[in-house]
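*Asks:* Sequences are here, hints too, so could you generate the full structure?
For reference, the chains in residue letters:
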Amino acid sequence: MVLSFIKKYRVAATAAFCMMLFELAVELVQPLIISKIIDDGIAQRQLSVAWIWGAILVGSAVFAFAAGIASSFFASHASQGFGYDLRDRLYEKVEGFSYSVFNRFATSSLITRLTGDITQMQDMLFMGLRFASRVPLVVTGSMVMALVVHVRLGLFLTILIPVLVVFVLWMIRRISQQFRTVQQRLDRLNGVIQENLSGMRLIRVFVRRDHEISRFGQRSRDLMEGNVRALRLAETTMPFVLFVMNLGILAVLWFGRMDIAAGDASIGQVVAVVNYSLRTIGALSALSWIMTSYSRAAASAQRVNEVLLTEDSSEEEALDHKVASLQHSLPLQGRVEFSGVSFRYPGSDLRVLEDISFQVEPGQRVAIMGATGSGKSSLVQLIPRLYEPTRGIIRIDGRDIAHIDSSRLRGSIGYVPQEILLFSGTIRDNIAWGREDAAEEEIQTAAQQAQIHETIASLSHGYDTMIGQRGVNLSGGQKQRLSIARALVRRPYILILDDSTSALDMRTEAALMQALDEFSCTIFLITQKISTTITADLILLLDDGRLIASGTHEQLMKESDLYRRIVESQHREGEEQHVQGAR
Amino acid sequence: MFKALVEPFRHPYPKEVIQRQEGSGRKPRAKARDWSGTLGRLWGYLAQRKAKLTLVLVMVVFSSSLALLGPYMLGVAVDDYLGGSGGQPWVWFLVGIGLVYAGSSLTSWLQNIWMIEIAQETVYRMRSDLFTKLHALPISFYSKRQQGEIMSRVTNDIENVSSTLNSSAIQIFSSVLTLTGTIVVMLYLSPILTLLTFIVVPLMMFGMRWITRRTGPLYKQRQKDLGNLNGYIEETLSGQRIIKAFSQEERVLREFRTRNAAIRKSGFWAQTISGFIPKLMNFLNNFSFALVAGIGGVLAIYGQVTVGVIIVFVEYARQFTRPLNDLANQWNTLLSAIAGAERVFEVMDEDEEAADESGAQPIEQVAGKVSFSQVYFSYEQDGDTLEDISFTAEPGEMIALVGPTGAGKTTLIQLLSRFYEHDNGIIAIDDKDINSIRRDSLRSHMAFVLQDSFLFQGSIRDNIAFGRLEATDAEIEAAARLANAHSFIMRLPHGYDERLGIGGDGISQGQKQLLAIARAMLANPSILVLDEATSSIDTVTELKIQEGLQRLMKGRTSFVIAHRLNTIRQADKILVLKDGQLIEQGDHRDLLKRDGFYSKLYYGQLQEQEEESRRSDES
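Protein chains in written order, with the UniProt record's numbering: chain A, 1 to 583; chain G, 1 to 619.
Hints are computed from structural coordinates only; laboratory data are not their basis.
Don't take every hint at face value.
Listed next, the stretches of chain A that the computed footprint assigns to chain G, with coverage defined by at least 3 CB atoms under 8 Å from CB atoms of chain G [said to hold, decoys possible]:
1. 34-42
2. 251-262
3. 271-279
None of these values were measured; they are calculated from a predicted model.
Each residue gets a CB set at the ideal place from its N, CA and C atoms; glycine is no exception.
*Replies:* Here you go:
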């Protein structure tokens, strides 16, 4: 799957590979040529032979250099293009996932796959076209060439090298196992450091210094021991291989001299075979490095493949319904109806919502209350179809939302999530993010409604102020109001506020509510504050995924025990609204 | 076919990203400021294994000379034995070469093994010293710096030193030895061929300069583009919910493509041009090989050199360019390791938390009376100060600290726990000057429940027992019950053995607070410091936390950085701070009667301003 992305660049890749072969050929004939110079030139005292072969050597070196430079271009083109295409496809795939499929992967793992993993494969392709594939070729090439030069002497290489290669590969496997352990130990050690830095004050207060130092010492010693063991193994391999290879050279010399005496070989041939042995040694030492990069790249490819091969049935379904939705292109009004809705997160047995039914008229305000984990956020996420209910039907304006094209459905909904998600860019960009074609005037209106316009105006760059990593740091409340403005600029028919006013003070919140009243859209509001629920048209009280009470404030005061308890607890806090002032 | 072949040279890669950097191409990544000082201290660590280190150096000398001897003897073998009849018996000569080879392998093996041990031990000691130092540094050190930056010194910088000591140190030494040895032997064998081999040196210098001058800025550009792309990926994937809910997939994809194309362009040039380096080195090898073989052959015909000499030279020429290139590379890593070591030593040179006064005593029983009299304090770096603070808290009283952000509430607490040392006046616990009490002993009578209830990786049990390692299971459970944490703990799959991730991952914010209360409960302090939570926690858990706190505060002197009116009204004494001064103190009713700053605060006239500062505090 991943490999098929190379196809598009097969010409460049093949060209790079051929260039590399050419370079390699030049290098491999060098010992052969030297044997010619010795045997035909020096031994025969033929001056012209030495000159000619010398010139050929220089010329071939220059050609090999030119080929090397060109291969750099080809290999870069192939690998960068490959990386570009793969990244593009993968990102498109991820963006196309429905939200529930998207959540099957941890966000951080998706980020790694899109960044580190692709770079890893891209680098491996580049290296593969230029060096990595060269090593086995040098090794086998040397063996073949040695045989060509002199069969009997070359035989030593053909026997010795495969044995050594197997040995090196076996060692590499053991070494990389050791280094995996080292990495784990290093991670653990860093974990201790991280914790100590974050909790330094607490450690001081609880006088835990000695305990922490001894814990660290233990981890640090583990790391040291692991490191010594792994590195020792790694450093043993090459001296050993070198020694065995050198013994082989000695054997070539010993038998070579016998052959020369018998007239079966020339000095040049013996020298050439020795030279090929020396070249093999150099190639073998690069083997371990190539093996590790290769296994890393292979792991990366597997991770990327996993994403590419993920099937997403719900999105296809949505496409099927696209045709149907065209017939209903009237704007939505905002009547929302849940009937018998149950919901489980994909891959989990836990019922998050069970048998929820209620109905909301256009323009009404719904307050949703309940403890953490009672299903409030899950309920509102079903409305823009971030998730699909496992049972039951959700209707908007009387139509099952499963039959409404998701982009049109979401186009009519303004959603303000609990966690604040702003993007790097200017404040204007962030508000207009809700609707790309929003005019300046509309952006400002939305900001005014969200009670953030004055704050923005007071900033030195106003709406052009940069926020995010490289910009101004806004306070939590300011960010909340900004994300509300982003939702309002869409002029939605349904507005969802998921506990998005928690950092606002009473006065600002009241002003916001008033602005929303003029906005005439259906509002879903998750909240912990009684002050907000009092004025709601409908209160939904959730407990453990079940709708245990619904109605207006007055109704619930009469009917629901839990609701009364919550109201009482908040009154104890101080019914006076200026409580906030003392904070 | 042809179109595909010329593609890499044109279409997607306009050259405008390539620019030359003036000056030397090879630049160390980070410069050390105090070279000799840092090296000296590094040496101080290494010198603890002087004997072994000397052995390593001896081994390097041996292995380098044996590595030189090998090819030389090969040349002799060709000249004297393959070509002629040789002096000594052939078998003995071969045994000689064999011994040289064996010795070379053995010495280089030993040098590496021993050096690894020395290096790892050194790094281990540096790590331990640094970590111990971190615990001896005053808290002000941590408030001045980003945590990531300290983290990087303890991890990356030390790793850097570690890997450099492992290999680069030896390699530099042996490269220098091999290089000089090679040159000497080459000159001895044939000055003319040596000169020919030297031709490649200026070629190499020139070529490397040409390349690195270009790759420097290119890599910088690539890094920037990559950061841009990765940042965008991270942002959009983390914000996926919003992208989906606003159906902005198309647009995000479009913006992604621009960034992806940018990295393709700069990546192409960076990779292509840096890809020239190995090709250049290869060429130089081949070139010197050709020169030595061709011209050597001619010289051999004139009887100037022997065949053996050519063989030796071919090998040496290879050994000559490689260490030269190695040296340049290793030099860079060495420099950045020294810079890393310097950053580590910088931390080690920081002033430690002032030592306990001589004659400071541990304190056994604390009733909990706390008094400040005319206490002054100012931070070195910025304007936050405390001026003339005087008050007394009787044992078991609850003291609420009220005031705008930056008024000095936290500073006051930090002085009490001696994270900072006050400049003037006396802070006393049970009428004993805290400067006369050993710090550890003083702190062991205090416990903190902070807004960010920090939890450690480990089991729930370990986290509660954090303040008292020797606590029994029964004590831990009792503390958890009092803190209202027991019931939620029992609902976890592994109960008290449930493991929490880094920073207490795995349980909710409110549950973390309950654990923090249990932890303080178990520590059984006489003095308690509470920083009330402002984040929104659901009502039910909130009730539990309140109840737990009430039990915790009972019978202890407690200082509460208060945000809730409820808490403040209950307080025995309210300290109203403003701009570092204690402007009012008394209980709720007194203060309201006084109609001063507190009552203004209370009646919410400063609401807006206060809200803003509180929020900017959170973010």
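*Asks:* All the hints need checking, so say for each whether the structure fits it.
*Replies:* Against the structure, the hints:
1. 34-42: Satisfied; 5 residues make the cut.
2. 251-262: holds (count 5)
3. 271-279: The restraint on the region 271-279 of chain A holds, since 4 of its residues have a Cβ under 8 Å from chain G and three suffice.
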